[in-house]
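One line per chain: the protein sequences are U and L, in this order.
Counting with our numbering, you get residues 57 to 324 for the letters of the first sequence.
Counting with our numbering, you get residues 57 to 324 for the letters of the second sequence.
These are calculated hints, taken from the structure and not from any lab test.
Hints may be right or wrong, so weigh each one.
If several chains are the same, the list does not tell them apart, and a pair holds so long as it fits within one copy or across any two.
Below, simulated DSS-like cross-link-like pairs (lysine-lysine); rule was C-alpha separation at most 30 Å, straight line [stated by the list, open to error]:
#1 225 / 246
#2 81 / 194
#3 246 / 321
#4 89 / 264
#5 264 / 199
#6 110 / 264
#7 195 / 264
#8 110 / 229
#9 284 / 89
#10 277 / 103
Computed from a predicted model, the values in this text were never measured in an experiment.
2 protein chains.
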Amino acid sequence: TSSPVPKEMTWSARAELSQNAIAKKLFHLMESKKSNLCVAADVSSMKELITLAKEVGPYICLLKTHIDALDDFSLDGVRELEELSQSAGFLLFEDRKFGDIGATVMNQYTSGVYHIAEWAHITNAHPVPGPGIISGLKKGADKSGKDRALLLVAEMSSEGSLAVGPYTKEAVKMAKENAGFVTGFIAQNKLVDDPQFIHMTPGVKLEKGGDGLGQQYNSPKDVIAERKMDIIIVGRGITQAQDRVEAASTYQRAGYDAYLSRLGKSKT
Amino acid sequence: TSSPVPKEMTWSARAELSQNAIAKKLFHLMESKKSNLCVAADVSSMKELITLAKEVGPYICLLKTHIDALDDFSLDGVRELEELSQSAGFLLFEDRKFGDIGATVMNQYTSGVYHIAEWAHITNAHPVPGPGIISGLKKGADKSGKDRALLLVAEMSSEGSLAVGPYTKEAVKMAKENAGFVTGFIAQNKLVDDPQFIHMTPGVKLEKGGDGLGQQYNSPKDVIAERKMDIIIVGRGITQAQDRVEAASTYQRAGYDAYLSRLGKSKT
Chain U
57 TSSPVPKEMT WSARAELSQN AIAKKLFHLM ESKKSNLCVA ADVSSMKELI TLAKEVGPYI
117 CLLKTHIDAL DDFSLDGVRE LEELSQSAGF LLFEDRKFGD IGATVMNQYT SGVYHIAEWA
177 HITNAHPVPG PGIISGLKKG ADKSGKDRAL LLVAEMSSEG SLAVGPYTKE AVKMAKENAG
237 FVTGFIAQNK LVDDPQFIHM TPGVKLEKGG DGLGQQYNSP KDVIAERKMD IIIVGRGITQ
297 AQDRVEAAST YQRAGYDAYL SRLGKSKT
Chain L
57 TSSPVPKEMT WSARAELSQN AIAKKLFHLM ESKKSNLCVA ADVSSMKELI TLAKEVGPYI
117 CLLKTHIDAL DDFSLDGVRE LEELSQSAGF LLFEDRKFGD IGATVMNQYT SGVYHIAEWA
177 HITNAHPVPG PGIISGLKKG ADKSGKDRAL LLVAEMSSEG SLAVGPYTKE AVKMAKENAG
237 FVTGFIAQNK LVDDPQFIHM TPGVKLEKGG DGLGQQYNSP KDVIAERKMD IIIVGRGITQ
297 AQDRVEAAST YQRAGYDAYL SRLGKSKT
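Could you put together the complete structure from these sequences and hints?
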């Protein structure tokens, strides 16, 4: 490119700055796999989830699940998912969007049928209940005895989202006060310059448009190169593609090229 | 009381105005059982949930569950809960606090292990994703083929809640635009005068205080008589009482007396 690009930190450099073991691991995976792609596994069965994870595993740094939308959940399936995450090198992100008071989310996170804290490296929460939700989830993470990371949903991609203005500002404040456990945001715009925080953007698709239920899409280039977010979350653009492996590869390259252009480097 | 009390509509009268079959049923149950008490069943097993439902069933109009915090969830347990709801006369309210885009919540509501739409007469959602969340849940309710009602979480009882000001106003707007399916609010203050909307308030306890994880408590009298809310949601004040039957009875009388005082009638 001809215009000068401002200095950006590499993912490896950011891994060094991070206070959280999971965030460190994620940055390293991104670097080694040349991927800032998270696939949103919006499928309805564990079987489909495993198949999808096998197909897209080589291209992603993160697999985003809705474990409570699977008709045939089983702990065996979760074990298989964990093995795939190890062998193909990606982390598991349960997109639970916790939204309750601390005492409740602690139980929802660690207990129930799903035992999310046991297997999901990353989960997320709405900041709407106030800081108690972070304390509750932190207690749950500690209870699990494992390294865990939390993202706050600071903005949403859907039409008419109320996660704007002062709401988003408060989310950022809550994250900063809990850095170490809160490692980033689900957002549409870059919210903080502190390089330890990871910005992930859902609603990413190569073709613009909506889904008739309020979802609105943006392109990988727009999200990574223009808005300077870190990770693109792609759902239906990959899961509903004729060839999901090819689609995952295409999005991986699109996301990584956009990152390189930000670093001022040439394309892959 | 000596001071004149403004005219209030009875629950029966409000049942007539409601556009939603579940809200009508709830108002009628409240009238016949003289109860505006909802118990928050914050327990960790299905067995405890059933036991609690049997104990408090005669005193409540609504049982609020966190089905995803039970370690031994079973559909048989849900069937037993449904039978108790029929025999003791209370409705089931799954406090799921949905918080995702329309396409996702539709699946979370109808599918997964819990099949919430199948058995929960009422559920709730955060308005944060915008109106698409209501459309998605409405689709799910239609898919279930059953009468269902939705509450919006317009305010929260926890410290530092972001559900305030314009956020709450937007929630009210979304509810009004979807009256018929949205039948009320989880809130701390009365938000609309339209008598078809039911205002429910969590964080109610006869003793003031907090829980160390951000929860803040208010008394039944304060909530019903002063703030003019409709239903008190009581959790630990009943579930952690030495005698839960006696506690349920005490809260039922406290809530109903506060309602009567609002109607300008004498106590029970």
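Now the hints, each set against the structure:
In the homo-oligomer, the alpha carbons of residue 225 and residue 246 lie at most 30 Å apart both inside one protomer (12 Å) and across protomers (27 Å), since each shortest distance falls under that limit. Proximity of residue 81 and residue 194 under a CA criterion of 30 Å is satisfied intra-copy only: 19 Å inside one chain copy versus 40 Å between copies. For the homomeric pair residue 246 and residue 321, the shortest alpha-carbon distance inside one copy (21 Å) is at most 30 Å, but the shortest distance between copies (57 Å) is not. In the homo-oligomer, the alpha carbons of residue 89 and residue 264 lie at most 30 Å apart inside one protomer (27 Å), although the nearest pairing across protomers, at 54 Å, exceeds that limit.
Taking the closest pair of Cα atoms, residue 264 and residue 199 come within 30 Å of each other only across two copies (29 Å); inside a single copy the shortest separation is 42 Å, beyond that limit. When the C-alpha separation of residue 110 and residue 264 is checked against a cutoff of 30 Å, the pair qualifies only within one copy, where the shortest distance is 27 Å, while the shortest distance between copies is 53 Å. Taking CA atoms no more than 30 Å apart as the test, residue 195 paired with residue 264 passes between copies only; the shortest distance there is 24 Å, against 40 Å inside one copy. For the identical chains of this complex, residue 110 and residue 229 are neighbours neither inside a copy (38 Å) nor across copies (44 Å), given an alpha-carbon limit of 30 Å.
Taking identical chains as interchangeable, the C-alpha atoms of residue 284 and residue 89 lie at most 30 Å apart only when both belong to the same chain, with a minimum of 19 Å there against 58 Å between chains. Proximity of residue 277 to residue 103 under the C-alpha cut-off of 30 Å is found in neither arrangement, the shortest distances being 32 Å within a copy and 52 Å between copies.
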